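What follows is the residue order along each chain.
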Amino acid sequence: MKLKIAAKNIPLLATISVFVLLFAGSSFFLKGFFSLQVFINLFSENAFLGIAALGMTFVILSGGIDLSVGALIGFSSILLSRLIMDIGIHPVIAFAIVLLSGVILGTGMGCLIHFFNQPPFLITLAGMFLARGLGFVIKMEAMPVRHEFYKQINALSLPLGHTAFIPFTAFIFVILAVITWYISLYAKFGRNIYAMGGSEQSALLMGLPVRRTKIGVYAFSGFCASLAGIVYSLYTFSGNPTAGTTLELDAIAAVVIGGTPLIGGIGSPIGTVVGVLILGVIQTSIMFQGSLSSWWTKIVIGILLLAFILLQNLFQRKL
Amino acid sequence: MPLLAMKNITKTFPGVMALDGVNFDLCSGEAHSLVGENGAGKSTLIKVLTGVYRQDEGEILLEDKRIQPLSPFESQRMGVSTVYQEINLVPELSVEENLFLGRQPMKLGRIDWKKIRRMAEKALSRLNLQIDPSMPLSSFSIATQQMIAIARSLDISARVLILDEPTSSLDHHEVERLFSIIRKLKSEGLGVIFISHFLDQIFEVSDRLTILRNGQLIETCEVSRISRLELVAKMTGKSIEDLKTAQPYSGKKGTNIGKREILKAERLGRKKDIAPFDLQLHEGEILGFAGLLGSGRTQAAELLFGLKQPDTGKIKREGVEVSIRSPQKAVQYGIGFLPEDRKTQGIFPDLSVRENIILAFQSKKGWWKPLSRKKQELITKNFIETLQIKTADMEKPVGQLSGGNQQKVILARWLASQPEIIILDEPTRGIDVGAKAEIESLIHNLCSEGLSIILISGELEEVERNSHRIMVFRDKVIVSELEGENLNLPNIMKLIAEGEANPRETIQA
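Top to bottom, those sequences are chains P and S.
Quick note: the first sequence uses my numbering, first residue 67, plus one each step.
Quick note: the second sequence uses my numbering, first residue 6, plus one each step.
Just chain S, same shape as in the assembly:
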């Protein structure tokens, strides 16, 4: 008897069949991944389970009893807990208070703070978290906060734990810690539903997986019985042959790389952010920055884009020394920057696709020379076509597009200003496999047209696959540079782990 069974779940929205007779079951002590591209129906299924939506047809059985939660809180009371990607806790309050807000133990009509302390210690030790529960939440790392969120959601009565994209903002070690917690909870008999865009993690942590596509159940199978390629094929609905031949980018050959040194940094560095480093970027080259979260990869890019000022070194643009004191200056020198956190740093969600795209171009041109509406529409139309941005029309607010398409809009904005260099910080984070492939092939098209690209990503495979040359970051030092035959995953991992091979830099951080 499965712990949880969702039978023949159907849910329609006006004009869309979001779920079409989907079956899903979860056993006690199992981690079950839900995979599919954006819009496949994963989140709709979860929302039906947690009472956000009500299914049109079908039933939910928890321990063989029929349940119909009407709100997330009700579903939590029934034993189904959810932890979301965003941490929904209160940073100013203490850890213990965050754990029990809203369900504090009372004694004589007052909150029993002593009991809260005891219960908090117990809840934290269940997850092997050795932290002081009286400290404010904001004094801990995102990863720890994520675990605290899990601790909160794990009521004593919790039977099912849903982890919705829990690893997006965690680095490698933190993911490992999270996984060891998942394993521990599994061993206690909990059923875990795991949702992630990272295939590696799905294969590492789950026992079974269920593939959804366009609201339909494609397959449920044991993880050991499916290969990555098969999985991707089933998610995207393409045949395996397609994928094999489409092994798209023979980019590494770098046939189009010019000799021209478009950007050069000499001993560029900033205290506490990144040790002094040298860098050359050639015309039409993709230079990868590989490293863990906090290894200094983003900080190096920030120096190049003028977001922060270096305390040592200089930057040369086509051989001429330049001073990039602000992002505005960087734009004038033909440098674009796609930030890591597009929601807060990149898009203006309420502005339309057209307005978002025109922004940088207009800014470069000067605000007192407004672009005619006709010209704006022409440019926008052009980019919607070439980048294949999926939007109903160009006046749709960007916030309503999917993650991958939002990313393309920001990219279009930079391309509209005709830069020669683009820095891409985590361009594929949080977008689905299909969109990822599109963005990657886009990157290659751009560089074959002569654009130089710096590609930053925490997903090492992605950097490895796409870059002509890679600089490896570790603990705020660039430890090595890889190209040609040396450019392979084992080498990168080794460098990140040990920082050995042939250290190009011997500077102390």
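One chain only, chain P, in its complex shape:
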């Protein structure tokens, strides 16, 4: 029995050990890599990717996919800039508007997917074009945000000893991760996502609220993507209609590397967090190394993704 439970966790354990190996290897070969701050920065630098990936985790667990998250980040960030700088709305209200628009877009896509029984790939592809296009309608190029509130928020960081501090954006990522983990394990909504991803037909016949759950995951993903747009805006002090281009693919990679296969039904948000950290550690170490082109990041991610897919395949055949 103990062995079996371990078998269930093999993908997650594999993900964690890959992360530990990568971090240890980089620390060994790259001077100055091994420090608490570098580790913490993995969270803050990848916060908006991570937040979007957490939303994506629920979508993929449910057996769907959401291609609109990257575009929604761009849309949200440029909308924030316009609202705050041109219209003069307080950032907090602007945040609420942006989150609401993300939830509305997500809910709309979820409804189309459910009521018209359309493939999520196509509906969210349409959503991606819509959000990206709207971003450019709002403004054609990047636009800075200068506001006292932004400075205050960014100043909110938790010092850790004398050498390190946790930035505010990393906090948002971690808190959202804890919330999604809790939902996935202790809320009926979360368990219904797993059931739906395992077998939608069964979920329906078991009397689970499939409609609510399905629309819910896309609404949640829209919420996460627009939250990621806010974090992007806070992190860069700007909005950019091109922000988050192809980020949806990085998010999918993080989810899959984190042990949630695209067919859904198994996996966890914790895995996704580790998946995001793996992408982060690859990027950081290639930056530290200095002489390699940053495109090597993509190559390494590609290889890792392939390896993980093969591993999951092997694991499932054994089950």
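Listed next, the in silico DSBU-like pairs over lysine-lysine satisfying Cα-Cα at most 35 angstroms (straight line):
1. P:K254 to S:K120
2. S:K386 to S:K374
3. S:K112 to P:K254
4. P:K254 to S:K70
5. S:K334 to S:K380
6. S:K499 to S:K313
7. P:K254 to S:K119
8. S:K276 to S:K334
9. S:K189 to P:K254
10. P:K254 to S:K52
11. S:K369 to S:K319
12. S:K189 to S:K119
Per label pair, the in silico range of CB-to-CB distance:
13. P:G199 to S:P354: 34 to 44 angstroms
14. S:K112 to P:P185: 35 to 45 angstroms
15. P:L377 to S:F78: 31 to 41 angstroms
16. P:P185 to S:H177: 36 to 46 angstroms
17. P:I329 to S:E488: 46 to 56 angstroms
18. P:I329 to S:E91: 15 to 25 angstroms
19. P:L377 to S:N450: 48 to 58 angstroms
20. S:Q333 to P:N379: 25 to 35 angstroms
21. S:E271 to P:W362: 53 to 63 angstroms
22. S:L234 to P:P185: 51 to 61 angstroms
23. P:I219 to S:E91: 49 to 59 angstroms
24. S:K379 to P:P185: 37 to 47 angstroms
25. S:E454 to P:F187: 47 to 57 angstroms
26. S:T391 to P:F187: 38 to 48 angstroms
Derived by calculation from the structure, the hints in this document are not laboratory data.
Bear in mind the structure is a predicted one, so any value in this text is a computation, not a measurement.
Don't be surprised by glycine CBs; every beta carbon is placed ideally from N, CA and C.
Could you slot chain S onto chain P? The hints should help.
Showing chain S alone in chain P's frame:
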């Protein structure tokens, strides 16, 4: 006072009277079988009871209170639970979670996993299931999953349990286990409605039975007061004399069996699937494969059809050694295969009757030489007539036909490619008694025309009734071969149970 009473239930669909003033009642502690051919109204009646359909007339009384469930979930809340043939659970999730999905106990706004564990253990022990509730559902056999589905449906408040074709994919032992559970639930005061195509099981497990035909109630009676023959007569609407004289197949005489050895296997085997075996098939012969589920009967057929590669032995086709490396090769050698699971392996439900029938023929001919539409229609028309396929027209999607007619379409597809050998794996599973008889007589017609047939079935009576010769499988070994006088049910059962008599093979599996 009966536990459940359905009074004067009438339900019409456009153009069809599905139920015509049907009365049905169920007592507490009773197992009541609902029997009838496909289209008799069994499933409509169940769907009215479970709230899928709403009756046009009539009323439903549960414990003397009038109920009108509007959905299956509502009917379950009222105490009427249903377990379907297909297992509607989530394979990836644990057993305990499957039991309580959607109605998990909550504590302080979160799912109380500890309580789920306790409740799961209780629910499983009620059915005498000794399994670890934390294991994923997919790690258990179909039979166990079926019982878990029953455990899920048995809320504490359940008064009526409907089992709709629960035994189709279970083997003999598993059916026994299921029946002991039914008996236990009966003793707890539950009323069980049992639906099955297997007459034996109906007679074994139920107290009373209700016969439906064409939406009308024919009779409700105690099982002990009706003979099998009477039951079949009432289901089919034929007189008993008809059935007796129609005792159709004097096939066993095998008058048409030629001397020509059409297919021969020598020491053919594959590790873990089937121990090496010898086999001869003659022209116009029906060779039966008898054995329980998992005894190796399907695996042996898969070797002959090239679905799997043998690691030992050889196959000879009319005396010439051949290598059947793929089903495509098998088709070229004139072998056809009707798979066990027609829904997933046999038909293309969205394609029309014509397209389904033409498929194998076209494939044999080569795709670059398309058949003219006219020729296709001619061939299809021919088969619809000779096999008596009941379809409105040949362009109807096969998925809309009844099970028996779907089976005939697949058979027609193989016949269109003019094979000399056909392997039939469970050709009558899940189809009603009438269609069954038709398929069986079809098999005999085909073999009298010189076609050689390998017939695989878990229903021993069916193999016994139809085969000229039988090979008996047990634990992946062919234990014996029966023909002539020895070919009878007691002998087959004995061989399957003990593997004794005169072992033809002494190979270790």
